[in-house]
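Undergrad: Chain B: place on chain A using the hints.
As given, the protein sequences belong to chains A and B, one line each in that order.
The working numbering puts the first residue of the first sequence at 1, with every later residue one more than the last.
The working numbering puts the first residue of the second sequence at 1, with every later residue one more than the last.
One should not assume that every hint holds.
Below 27 angstroms or equal to it, Euclidean Cα-Cα: the simulated BS3-like pairs (lysine-lysine) are [said to hold, decoys possible]:
| id | chain 1 | residue 1 | chain 2 | residue 2 |
| --- | --- | --- | --- | --- |
| 1 | B | Lys142 | B | Lys396 |
| 2 | B | Lys435 | B | Lys185 |
| 3 | B | Lys316 | B | Lys435 |
| 4 | B | Lys185 | B | Lys142 |
| 5 | A | Lys277 | B | Lys549 |
| 6 | A | Lys147 | B | Lys435 |
| 7 | A | Lys13 | B | Lys14 |
| 8 | A | Lys13 | B | Lys396 |
| 9 | B | Lys549 | A | Lys159 |
| 10 | B | Lys372 | B | Lys109 |
Simulated from the structure, these hints should not be mistaken for lab results.
Please read these numbers as outputs of a predicted model, since none were measured by experiment.
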Amino acid sequence: MTYILKPRFRHPKLPTNALGYTHRDYDGAVSTLCAGCGHDSISAAIIQACFELALPPHRIAKLSGIGCSSKTPTYFLGRSHGFNSVHSRMPSVLTGANLANRDLVYLGVSGDGDSASIGLGQFAHCIRRGVDMVYIVENNGVYGLTKGQFSATADKGSKARRGSVNTDSPIDLVALALQLGASYVARSFSGDKHQLVPLIKGAIQHKGAAFLDVISPCVAFNNNPESTKSFDYVRAHNEAVNQLDFMVEREAITADYAPGTVETVVQHDGSAIRLRKLAPEYDPTDRVSALTYLHQRHAAGEVVTGLLFVESDHGDLHHFLETVEAPLNGLGETELCPGPDILARYNAAHR
Amino acid sequence: MQPTDIRNPDYFHKVVDCQWACPAHTPVPEYIRLIAERRYTEAWAINWHSNVFPGILGRTCDRPCEPACRRGRVEKEPVAICRLKRVAADNKGDISGYIPPAPKQKNGKRVALVGAGPASLTVARDLLPLGYECVIFDGDAKGGGMMRTQIPRFRLPESVTDEEVDLILGMGAATRFGHFVHSLKELLAQGWDAVFVGSGAPRGRELDIPGRKEAADNIHIGIDWLSSVSFGHINKIGERVVVLGGGNTAMDCCRSSRRLGGKEVTVVVRSGFEEMKASPWEKEDAMHEGIPILNFMVPVEFTHNDGVLTGVVFEKVKAEYDARGRRSLVPTGEPPTHIPCDDVLVAIGQENAFPWIERDIGIEFDRWNMPKVDPRTMQSTLPNVFFGGDAAFGPKNIIWAVAHGHDAAVSIDKFCHGEDVNDRPPPGTSLTSQKMGIHEWSYDNDISTDVRYRVPLRETAVALADIRTEVELGFDEKLGYLEAERCLNCDIETVFTGPLCIECDACVDICPVDCITFTDDDSEAELRRRLNAPALNLTQDLYIGGSLKTGRIMVKDEDVCLHCGLCAERCPTGAWDMRKYLIDITQAGPACRSR
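Extracted from the complex, chain A is given alone in its bound form (with noise of 0.2 angstroms):
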């Protein structure tokens, strides 16, 4: 915990993106999380995905529950709309937000607690239902802000500090994720920006429910060896599929790539996203094999990351309901109230 404000000094030389801002611009407050905590990473991440996509930060939504990661939306995008609900709830709220102003980039943010403990039903009805968003879990494996008990993401037999093992089965997120339909389905690790930051901007491009799973080591109570959550632990273990080289626009590819090694996803919007493959047997638009090939690694010991699985042209939940393209605040009251003619029209569809 830091206890003076982050100087409003800036390098001087620092770039700018297509609106003019710095990565500054979307800074929040300073974190009061345990100093090294995973989870200021990933809001360091989360700020340089969007000054890099030049997103207007008024245009952004950033929702989360209760935990340790759900205080993060304080310490990035400080000029953007922030709710924090009630525990778990983020998914409801964020998709009532959704369904009333489609316009917004909504940021979910939640952890390994808020999201496969008590919240475990919302997230799958959330990703089910195809909500367009970014739903990011900050997974460290313990309850941090209740002094480290195992959570429900944590490996059998990985070890806490003290020395307890944890002897349940672990819930991956990604796995359900899959299986549940979404859309956009990624693994990183809080540690690795170079990784985790156009992961991020893949998933803000992409329409659907886009879920990334980052490993985020508690440095208070999980970061110990024995642990599968640790950082030596996960960049031991890491097996990175892809990278993902994030295009704003399709371009000729300019890097030298051998032949098969590339990947180019065409993302709803036009927009390309470009994978470099490390692991050459692996389709990334294939859910069932990805979930094969994920158990299997599991089994193995070791910890896949990279965009897991895409589907650009999976649609929303507003595609599937047929809603309005505008959102509710932008309707009229010739729109909202069509008349008696209307009215009766409807109902007699129903007779």
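TA: Just chain B, lined up with the frame of chain A:
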């Protein structure tokens, strides 16, 4: 790249830009913190130890520290270091405990000091406590040299000069004031163990153009005129005055003229306004007193009426640059301008003059007629004769004279003990953690965003009425505190211990100025280009930390680091620590000797 060796005393010294830039290497942030704590006496003592004249320099220093100040790279203006020094001097209490006493038992060595200016006084200050017998010779009746004779009283009250000069004389220096040394040969014949020449650059440059001789009564050489004003020999000047020259002496001349009856005082310079040698603040002060500065005008003739000066004719010029970027001033072809005036002050430069040094006594001179002096040891080609101040390398300023004095004192001490003067002592350094608690530091790491405070001035009408009225009122305690808080504490260093680092990125994320990057090793040029924020200031080092588990390196660009300590606050393992780096340049005494 190789990990940075922070044991090299220069590495962190360079990070303390102000101290590195100060010729006397005054530990600036250390005394600024003391001012903020209202510990003025201790702040004064730190200054006195390093630069010998805190009260004088706090009003008149050329402040090489300020252009170097890191604050000037993160916002518009540097910390007002110079005027903070004055705050320490103005508010100090009893300083007697800080003055080293001269021992009753002398060491038997006798040193003659020629000139009683800042260089000689510094040598005396350093040598007297060691038991040397120091005898200072000066043609003037009082000590202080150019500090007393050339700096006008409205910038430097005589009481301040008296106090700081007398402090040193009171340590036991013998004086031969009013005694001009006419022959170094004769002086050497008196059998001194060492002679120090700190006689300054006492000759003002002449302007030999038509009318100079005829109108001589109203054409004065700037530094001689200032000196006469200082001693009260001159107390008035004509209503219309033209000052020729663009240096600080010219600024002192024009401002003095305004106080001695000059109503229309004009400064005219050959070069452009921007290229003038005067410090920007001195130009500002002159213009504030209603003195216009005209540029690109070359004086070609003094006009006179039967020997009574009537004005100066100027040719208008413009600057042209050749392919190699060298400037030449070429006439614009416009008709010459005549500026009518009653008096002219010529302040176009100073020269050294050594008619009193015989050329056959073993002191070699170069082709510019300057003595050959070793810039490190200040020793001349005659081993027992040392030079310093303006006498050594031509006109500089007080703080350089002080630095020369310290260096010469070390050399004299070593020389008198039969040691090699080229074997220079290393500085004393210390690097101490400032951690007081989990997120508590012994210094105020909350960065003030205040902009530079202006020193309050006396009302112009009052200031112009009397040449002895000091214009600047100085910072009061409150302004002094607020200005002191602007200091970024660049001597509190970010020290990185690679083996402790878990590469969590916490420091990278929190750094407000993006100066930390963890990356793969590369050449320095390549690294500078691809850090989180480009490191384009090549005068500032990259701090490289190794021993990381992933095999990457930590690169910190020192350039705009705020020393806020947030990296260390956010570090979970203590791989970053904030440590105070103090560097004390070894002065004459047992510590500078090898046995």
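Undergrad: If a hint holds in the structure, say so; if it does not, say that too.
TA: Now for the hints, and whether the structure bears them out:
For the given pair, lysine 142(B) sits about 22 angstroms from lysine 396(B) by alpha-carbon distance, which is consistent with the 27 angstroms threshold. Distance restraint check for lysine 435(B) and lysine 185(B): the Cα-Cα separation of roughly 59 angstroms exceeds the 27 angstroms cut-off, and the hinted pair is therefore not satisfied. Restraint check for lysine 316(B) and lysine 435(B): the C-alpha separation of about 62 angstroms exceeds 27 angstroms, so the hint is violated. Restraint check for lysine 185(B) and lysine 142(B): the C-alpha separation of about 24 angstroms stays at or below 27 angstroms, so the hint holds.
Using a Cα cut-off of 27 angstroms, the hinted pair lysine 277(A) and lysine 549(B) holds, with the two alpha carbons roughly 25 angstroms apart. Using a Cα cut-off of 27 angstroms, the hinted pair lysine 147(A) and lysine 435(B) holds, with the two alpha carbons roughly 26 angstroms apart. Restraint check: the Cα-Cα separation between lysine 13(A) and lysine 14(B) comes to about 21 angstroms, which is no more than 27 angstroms; the hinted pair holds. In summary, the hint linking lysine 13(A) to lysine 396(B) is not supported, as the alpha carbons are separated by about 35 angstroms, beyond the 27 angstroms threshold.
Annotation: proposed proximity of lysine 549(B) to lysine 159(A) holds, straight-line Cα distance about 22 angstroms (limit 27 angstroms). Using a Cα cut-off of 27 angstroms, the hinted pair lysine 372(B) and lysine 109(B) holds, with the two alpha carbons roughly 25 angstroms apart.
Hint check: violations occur at hints 2, 3, 8; the rest are consistent with the structure.
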